[in-house]
Every structure is written in structure tokens, then in C-alpha cells.
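Each of the two chains sits in its own frame; use the hints to bring them together as a complex.
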Amino acid sequence: MRTKKRHVRLLGTHAVLIILSVIMIYPVLWMLFSSFKPTSEIFSSPGLIPENWTLQNYVVGWQGAGGVGFGTFFLNSFLIAGAVVVGSIFIASLTGFAFARLKFKLRKIMFALMLMSIMLPIQVTLIPQYIIFHELGWVNTFLPLIVPSFLGVSITPFFIFLMVQFIRGLPKELDEAAIIDGCSTFQVFWRVILPLSKPALITISIFAFYWTWDDFFSQLVYLSDPSKFTVSTGLNLFLSNAGNSQWGALFAMSILSIIPVIVIFLFFQKYLVKGVSTTGMKL
Amino acid sequence: MSTTKSTEVVHESEAGPSEAGRPRASRPARRPNDGIRRSLTAYGFLTPWLIGLLTLTLGSFLLSVYLSFTEYDLLSPPEWVGLDNYATMLTDDLFITSLMVTLLYVVVAVPVRLVVSLLFAVLLSQDIKGIGIYRTLLYIPSLIGTSVGVAIMWQNIFSDRGLINMVLMNIGVDDPPAWVSSPQYAIYVIVLLSIWQFGSEMVIFLAGLKQIPDPLYEAAAIDGASKVGQFFHITLPMLSPVIFFNLVMGTINAFMVFTQGYIITHGGPINSTLFYVLYLYRQGFQYFHMGYAAAMAVVFLIVVAVVAGFIFLTSKYWVHYEDTEDN
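Chains as they are written, first to last, in this note's numbering: chain A, 3 to 285; chain B, 4 to 330.
None of these hints come from the bench; they were simulated from the model. Cβ atoms here follow ideal geometry from the backbone N, Cα and C, with glycine treated the same way. Careful: at least some of the hints might be erroneous.
Unchecked claim - If you want a taste of the chain B side facing chain A, the calculated C-beta under 10 Å gives, among others:
| hint | residue |
| --- | --- |
| 1 | Gly-47 |
| 2 | Thr-60 |
| 3 | Tyr-69 |
| 4 | Phe-72 |
| 5 | Tyr-142 |
| 6 | Trp-199 |
| 7 | Val-206 |
| 8 | Val-309 |
| 9 | Leu-316 |
Stated by the list, open to error - 25 Å max Cα-Cα, derived PhoX-like pairs, lysine-lysine:
| hint | chain 1 | residue 1 | chain 2 | residue 2 |
| --- | --- | --- | --- | --- |
| 10 | B | Lys-213 | A | Lys-276 |
| 11 | B | Lys-230 | B | Lys-213 |
| 12 | B | Lys-132 | A | Lys-272 |
| 13 | B | Lys-132 | B | Lys-213 |
| 14 | B | Lys-213 | A | Lys-272 |
Chain B on its own, in the form it takes in the complex (with noise of 0.2 Å):
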């Protein structure tokens, strides 16, 4: 991961030169018990937030794995099922739905709006006058775009009399599917709310591309590249570490669909938008099956980490460092 990657870097070259020359310098007698007051003066600081990791992080964790063996609907006490909520998962065609249709969602949501940013952020990385205008107006969508009011916005656009069929039947179409009550196209209309909102990315990418030193594009066109071999050879494998970042952190936060599937569609038609954390949140809260809930969370925590485990050991293919460190 990028970002422990960098903070590991500062840690060092900050902990370096601080040990070695304060402490001895400026106070040779060190008390014994100086390390240990520093310690707790940390804790001082620290006790909030270690109330929070203590009871609601990690206490919650663990809580999750033992409920997940338990039957449990906030009544009665939670009973000891042992394996039996894994087990009904492997036979719960819901489930198995659920799982489907967010690794479908994932993978189709993701790799587009990469691109998409990442084609935008070339686009507006240009120094042309009112260039700032098209950043910001780009950037609204991603602004706005997980919000209730969006979702309601976009069901009555992908609707069937709405704005995007109004459109198509002007220019001729004349029987346009119903986007938002078709089983076959409700996923990509959820799909498309999420390509809409690139923004994010587009400006950690336009950060990225300020980075990538002039000198290079120049030498390069002056050894004849054209325009778009500089995008692959010079473009993609600097940008690389960023598009990393945005790659991981972009699916797990797709995995955690959850507004758009329970606004626009309500997890239809024919549950073909039923993303996981929607079906989890129906057990949970609908349902009250806690102990199946838990279950599904813990799976869920597995799915996520071996989807990005896998994207961090792919990394070291095409993720390209520079050499020179750059603090």
C-alpha cells in the first residue's frame, strides 16, 4: 500500500538524526524511568482513541467472529450454532447471488472509472486558458454523487419515461429498454452512477501528473516519440504508484455498495442489483439473523483483503518506483 509505504519512509529519516543527537546532548544523566513517563504522558494523548480501537475496533472484531458461530436475534441470548451459518451460506442461493453480483460490480465499476480519470486527468493536465472551469465542473459529480438526492435523481433518469429515454426516442430510438426495471441493464445504470463520479480520482491523478518531470517528454520527443507512445512509456509507468493507490482504494470502496443498490433498485429486478453489504444489512436489520450477519461480515472482511491482497501482489510487475527518493 502506498500510504504506509511513504510513512514509513518519513518515520525513519524523522526517528534517525532525533535519537542519536538530542537526548545524550542536551541530557547525559538520563533517569531510568524517563522512558517510561514519556510512555505514559503518550498514552495521555493517546487514551481516546485506544478506548475506540480497544471496545468498537478490535472488541467488535472478535465479538463479529464469535457471533458469527452463534444464532442470535437480539432477544435471547445468542446460541452456539458452531459452523452451521458457513454452511448455510454455501446454500443460500442468495448469497451466492450477493457475492456474484458485487465481484460483477467491482469489476466492471473499477477498471472503467480508472481509465475514465485517468483519460480526463490527461485531458485537463493541459495549461490552456479556463482550464480550471472544466476542473471544477467535472468534479461536482463526485462531489455530490453518493448522496440520497443523487440516487433518487438518477432512478427517475434511468427510469422508463425518464430523462435518458426522452433523449434516445428524440433521436430516433424508438423502443428504448427501461433501464432502472430491466434485470439485464439495472447493474449498469449503477455501474454508469459510479463511472459519473470520477472526479476524485481524476484530481489524484492530475497531482500525480505534475510530478512526472518535463525533461523526460522532451527528451523523448526529440528522439521522434509520438504523442501516444509518451502516454505508455513515459505516462503509465510514472503514474503507475498512483494508479496503484486509486486501483486498491477504488475497490474496496466498491465493494461497500450499498445507497445506490437500496435507492434505485432496491436490489432488483429479479435481485440481479442485490450487492452484498445490501443482503448483509436485510439479515442483519431486516431479518435480525445477527449471527448470520456476523457471518456474512466476516466473509465479506475475507473476500476484501484476498481481492487486494491479490492487487498487491500483482504490483510488483507494474508498479514502477523510481529509484530516487523523493522526501
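Isolated chain A (complex conformation) (with noise of 0.2 Å):
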């Protein structure tokens, strides 16, 4: 009698989550399956198979808005997020390993500093940035968008203090042998610490990787030429363009658009819940 009410009870809670489930998912499933459907099927019915399959949305999609392919637009971007990764590792692990480790003059504020541009939002120093990137004639180049990240500014902040947060956890008895065994201080970084962070630096990657895939606002504040433009701002020059007479198209983009950070999450899942549940970032 017990366990029959605790069945019933159990098979509830799981007909509520099914429910919830799909109604989460049912627009992405929705956009996947319109995006193989003829632009005029779209909009007559609610259902997800489509009457007649067809690549077409691909093929017109991937020749891209402006003259310019999607094939360029995922190339751009792919350049952009893989740089912006290695400067996030860069500057995370450098500056993170100071504050964890070493001790110095005045680090009770540049600490706080450091803490504060986390939450300065990017919008506060865009204008004079914009200017600066100007004048030095990187509008319209990729470099406002990679450098920062080597300099600890925009998304890296957050890296540096979970790498800070990792490195404090590591024992420090290693460092102490390593000097002991007469390793300077950037033998120390280099060839104990490094190799500890690992876990860490795969989850800034992730994260570093995501926020610049999905990032707007900056690529379209310095990229103005269709030729640089980033999978974000190809979809927006397509929208543009093409309008309302080319969902499907766009379906089809917007699709390619997000496998990549899918296919990422499934592969490194483990990384990443870890990264947003002990630090709060955002995705």
C-alpha cells in the first residue's frame, strides 16, 4: 500500500518535470525542425515535422548577408573566441597566481580593484575605450576585441579571481620544496602551479569561449566592414537584409550559430556546471 502511493507519487513528479521539460525546449526543437522546412510551412503550423524536408534554408543561409559567407562569419569567429581564450588563460593565470601566491606592496588594493572591475559594467568605459581603439586605428580590425582580454579587462576579471579562488586551495607546501630545491619564483609558477590549474583554466576557456561566441554588443560597436563580421553580427546583417521573407534561412543560421556552445557543453559539462555553481558566473 506504502510503496504503491510512493510509485504513484514518483511517477507524478516525473509526468510534472516531462511537462516542464518540453515546454523549455519545444521553441529550440521547434526552430530546428522549421529551419528544414520551406519558409512558407513556418508559419501554418504548430507542429514540429515538417510535410517536405529540404536543405534549401542551408544552402541560401550559408551564402551569408552582404556578400560575405557564413563560412566567413564562423571563421571570424572561431579566430576571435580562440584568441580571446588564450588571453583570458594568459592574464587568469599570471595575475591570479600574484594574488594567490606572492606578496607585495600595495595588493590589499590592487586586490579590491581587481574585485571592483568585476562588477564595472563594460558600458562604463566603452566610449573612452572606443576612442582609445580609435585614435591607435584598430576600428573595424579584431584587436579591440582581443586585447582587453590579454590586459585583464571586459570578461577576464571573473577568470582572474577564480583562478585566484583555485590557486589558494592548492597546498603550498609544493611551493615551498620547489624553492627549497632552488626554483625561482617563476620556475615556481611555471612548473608547479601551471600543471595543478588545469581544471581551472579548462573552465575559464569554456567560459571565455562562450561569452565571446555569444557576445554582441562589442562586435558591433567595432566591427563595421561585412568581411570581419563575427557569426553575432552576420546573423544581424542577415535579419536586416533578408527580412521577414527568409525565416527559414535564418532558422538555419541561427541553428549552426548555437551548435557550436552545444556541442562544447555536452563534451565538458562536468567543467562547466562546476565553474557556474562555485563561482555564480553567468552564462
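Following this line, the structure appears as C-alpha cells:
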């Protein structure tokens, strides 16, 4: 009798969770299936399965907008995101090590400044940064999107903070043993701390990739030539050029744009969930 | 801020023993320039970050304040206009609209998303088979939600003949509103997109729920407390630091809303989704009113700081920190 009641409750819980999950995921599934429908069919039924399957949307969409194909947009996005990943690892490991392990003058003030920069909305410094990059002749290149990550600006303060926390969790005896063995500070960093920080560096890489891949604001501000456009700005250009006549192709390219994110999630789920739950980083 | 608090704790406990024990025991004759040498090494590691801090962060911030007192279009040199930009804001209807629209968005989207993510976290904290699959499915929207691709999807779904209205018409709603092009509903379409991405907060809450010791619930159950009573008297107080963290970060993030307003509604209809950052973008990068945009950025920082500061001030009344240290 009792177990039966429990079974019913369990079944109820599953039913609720399945319904909620379907409601949450349905829009994405609908876009996925719609990308295989002719545009006229997209607005005819809320159902998923296409009556007439077609790959035409992908063929048309891939040709892109403004005379530039989506292949170029993807390449540009991968280039920028890849460089930002390298920059994030570079700055987070160097700065994180210094804050976690070294003693120096003004350390408390520096650390407070670093924490404050996490909270600083990027819009507050956007205008002067744009002017600086404009004066350097960097506008309409990838440099304003990449260089700040090497200097601990824009998205990277969060990564520095994560790295400080991670290195503080490593046993200090390891450093001391290395110093007794005659290692310099840099060797301690390079040979002891860095290899042990691999999990944190993977988490940082994933977030750096995601945030850059999904970024739209900075890319919109700094890139003006369609051949330099990323997936985000390319989609935006496509939307404003093609308008409502090409929903099928728009859907197809939108689906392609989120595939890298989903693939990385499936492979690195563990690191990601850990990153979110331990630091509160928002995707 | 909960992050700062936890680091300070780590910092103190780590600084204590090492300072007292290590240097004196191993190196009794400490040379006076040791400290300087150590500082130099550290600043070697910090150089790239310091360059960024001094130029792109602090330098830019000061430049922003300076520019806010000027008129500047990138072509001719900045011209000092005193407080003109700030005075203009007071009479700029679009500025006031953008501020109000953004506040409405923050006030609605942030609390609702917080409550939804908490309820889902409680629902998903049960130990039943296949729970991991539900967690993954419910997390996916927040993984992809801020992208342009999803914004395009959202615009279509809530358009006149979109998915939502097809479903509504199928279940017998005769004349559903054209959500995206309605000045009344457009902003709630974007609010809903934000709520749809409750996954990140949910994961943070799930981690927080795991930290609550089971004996608390067991004791309450023995005392005859109902599930609902347990939620309000154990779960909520124990989770309050996590709620606080999600509230602060969620609020700051919500103020920065841009992509959704730009892609889905273009700030319209009738400026009903003209978010602050969207208006700032237009002033700076479409009209090239760099001075005005800089002044807007300064005001933006003040507004966000005041709202965040207000949340901090209230926190001592509702955020409950455990007496025992849990490093």
C-alpha cells in the first residue's frame, strides 16, 4: 500500500518534470525542425515534423549577407574566440598566481580594484575605450575585441578571481618544496602551479569561448566591414537584409550558430556546471 | 557582496600562519631589500594586468567623466560644455523613457527569474532516477539564451503569426495580440526570454541546497513541520546568502540588457523597449554624440551602484549567515 503510494507520487513528479522540460525546450526544437521546412510552411502549423523536408534553407543561408558567406562569419568568430581564450588563460594565470601566492606592496588595494572591476559594467568605460582604439586605428579590426582580454579587462576579471580562488586551494607545501629545490618564483609558477591548475584553466577557456561567441554588443560597436563580421553580427546583418521573407534560412543559420555551444557543453558539462555553481558565473 | 566576504576569510586564514612561521624560521637574517625584491617579482607578474587597469579601466573611467563635460563627435577636438550634457538628460524624453523602461525590466525580470529558478532547484534537488537529464534540459536555454540566434527565434515565436499565436488559436483564442509589435506587451516578451534562462541561477541554487545539512529537515519533520513550513523556515534562511548573490548579479546583468532589445524589437514599438544601453549605443555610435553618451555612462554607473547598494543595505535584515565558519 505504502510503496504503491510512493510509486504514484514518483510518477507524478516525472510527469510534471517531463511537461516542464518539453515546454522549455520546445521553442528550440521547433526552430530546429522549422529550419528544414520551406518558409511558407513555418507559419502554417505549430507542429514539429516538416511535411516537405528541405535543405534549401541551409544552402541559401550559408551564402550569408552583404556578399559575405557564413563560412567567413564562423571563421571570424572562431578566430576571435580562440584568441580571447588564449588571452584569458594568459592573464588569469599570471595575475591569479601573483594575488594568490606573492606578497607585495599595495596588494590589498590592488585586490580590491580587481574585485571592483568584476562588477564594473562594460558600458561605463566603452566610450573612452572606443576613442582609444579609434586613435590607434584599431576600429574595424579584431584587436579591440582581443587585446583587452590579454590585459585583464572586459570579461577577464572574473577569470582572475576564479584563478585566485583555485590557486589558494592548492597546498602551499608544494611551492615551498620547489623553492628549497632551488626554483625561482617563475619556475614555481610554470612548473608547479600551472600544471596543477588545469581544471580551472579548462573552465576559464570554456567560459571565455562562450562569452565571446555569444557576444554581440562589442562586436557590433567595433566591426563595420561585413568581411570582418562574426556569427552574431552576421546574423544581425542577415536579419536586417533578408527581413521576414527568409525565416527558413535565418533559422538554419541560427541553429548552426548555437551548435558549437551545445557541442562544448556536451563534452565539458562537468567543468561548466562546476564553474557556474562555485563562482556564480553567468552564461 | 558574498564573493568579497569569502575571499577575505580565505585571505586572513592563509596570511596568519605563513607570516608568523615561515620567513623568520628559515631565514633569520632577512635582508632589508628582500621585501622590495619580492614586490618587484610580483609586479612583474602583474604588469599586463596593471597596464590594462591603468589605461582601459581606470584611465577610461576618468576619461569618461571628462568627456561627459564635453561635446565630442570624434572628428573635431572635444569642446568643454560644463554640465550641459547632464542638464540635457533632464529634459530628454527618450533618456527618461529609457531609464524607466530599464527599471521596469529589472524590477519584473529579476525577481520572477529568481523565484522560478529557486522553485525549479527545489524540484530538481530530489534524488530520483533520471534527474540529471531534466537538469540538463532545463539548463540548455540559459546556455544559448543570450545569443543573437535565440533572439531571432524569440522574435519569430512571438510575432503576429508565430508559434505562440498558432498554439493560442488552436486552443480557441480568437484574436491573440501581436506580442512583439504591441507597445503594451513587447517588453514582457523580452522579460519572458530572460526568465526562460533561469538555468544558471538554478544550478547555483542546487549547489546551495546541497550544503543544507539533512538533520535540520529530519528534526523539523519530527517536530511535525510540514514540507511548506520546512521550505520557509529552513530552506529559505539557509539559502539567503545564495539568493542575495543571485539577486545582486542578476540585477547588474539585467541593467545591461541590450541584444534582445536591439534584435527583437529595435527599441520599439513606440520606444517601449528602448533600454538604457540601447539608447546609449544610439547616442554614441549612431549620432556620434560621444560626450552625451559618456555622460549617460556615468549616470548608468551611479544608477547601478545605487540599486546594488540598496540591496546590500537591506541584506542585513534578510541574509542569514551561519555562525560557524565553513571554510
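How the hints compare with the structure:
For Gly-47/B, the suggested interface contact is upheld, since its CB lies about 8 Å from the closest CB of chain A, less than 10 Å. Interface hint at Thr-60/B: satisfied, since its Cβ lies 6 Å from the closest Cβ of chain A, which is below the 10 Å cut-off. Hint status for Tyr-69/B relative to chain A: holds, with the closest Cβ pair at about 8 Å, below 10 Å. A cut of 10 Å between beta carbons decides the hint on Phe-72/B: the least distance to chain A is about 13 Å, and the hint is violated.
The beta carbon of Tyr-142/B comes within 8 Å of a beta carbon in chain A, closer than 10 Å, and the hint placing it at the interface holds. Contact between Trp-199/B and chain A, as hinted, is supported at the beta carbon level, the nearest pair being about 7 Å apart and thus within 10 Å. A hinted interface residue such as Val-206/B counts as satisfied when its beta carbon comes closer than 10 Å to some beta carbon of chain A; here the least separation is about 5 Å, so the hint holds. Using the Cβ-Cβ criterion of 10 Å, the hint placing Val-309/B at the interface with chain A is not satisfied: the shortest such distance is roughly 13 Å.
The criterion of a C-beta within 10 Å of any C-beta in chain A is not met by Leu-316/B, whose closest approach is roughly 16 Å, and the hint is violated. Pair hint Lys-213/B plus Lys-276/A holds up; C-alpha atoms about 13 Å apart against a cutoff of 25 Å. Restraint check for Lys-230/B and Lys-213/B: the C-alpha separation of about 17 Å stays at or below 25 Å, so the hint holds. In summary, the hint linking Lys-132/B to Lys-272/A is supported, as the alpha carbons are separated by about 19 Å, within the 25 Å threshold.
Taking the CA atoms of Lys-132/B and Lys-213/B, the gap is about 17 Å. The hint holds against a cut of 25 Å. This hinted pair checks out: Lys-213/B and Lys-272/A have alpha carbons roughly 17 Å apart, not beyond 25 Å.
Hint violations for this structure: numbers 4, 8 and 9, all remaining hints satisfied.
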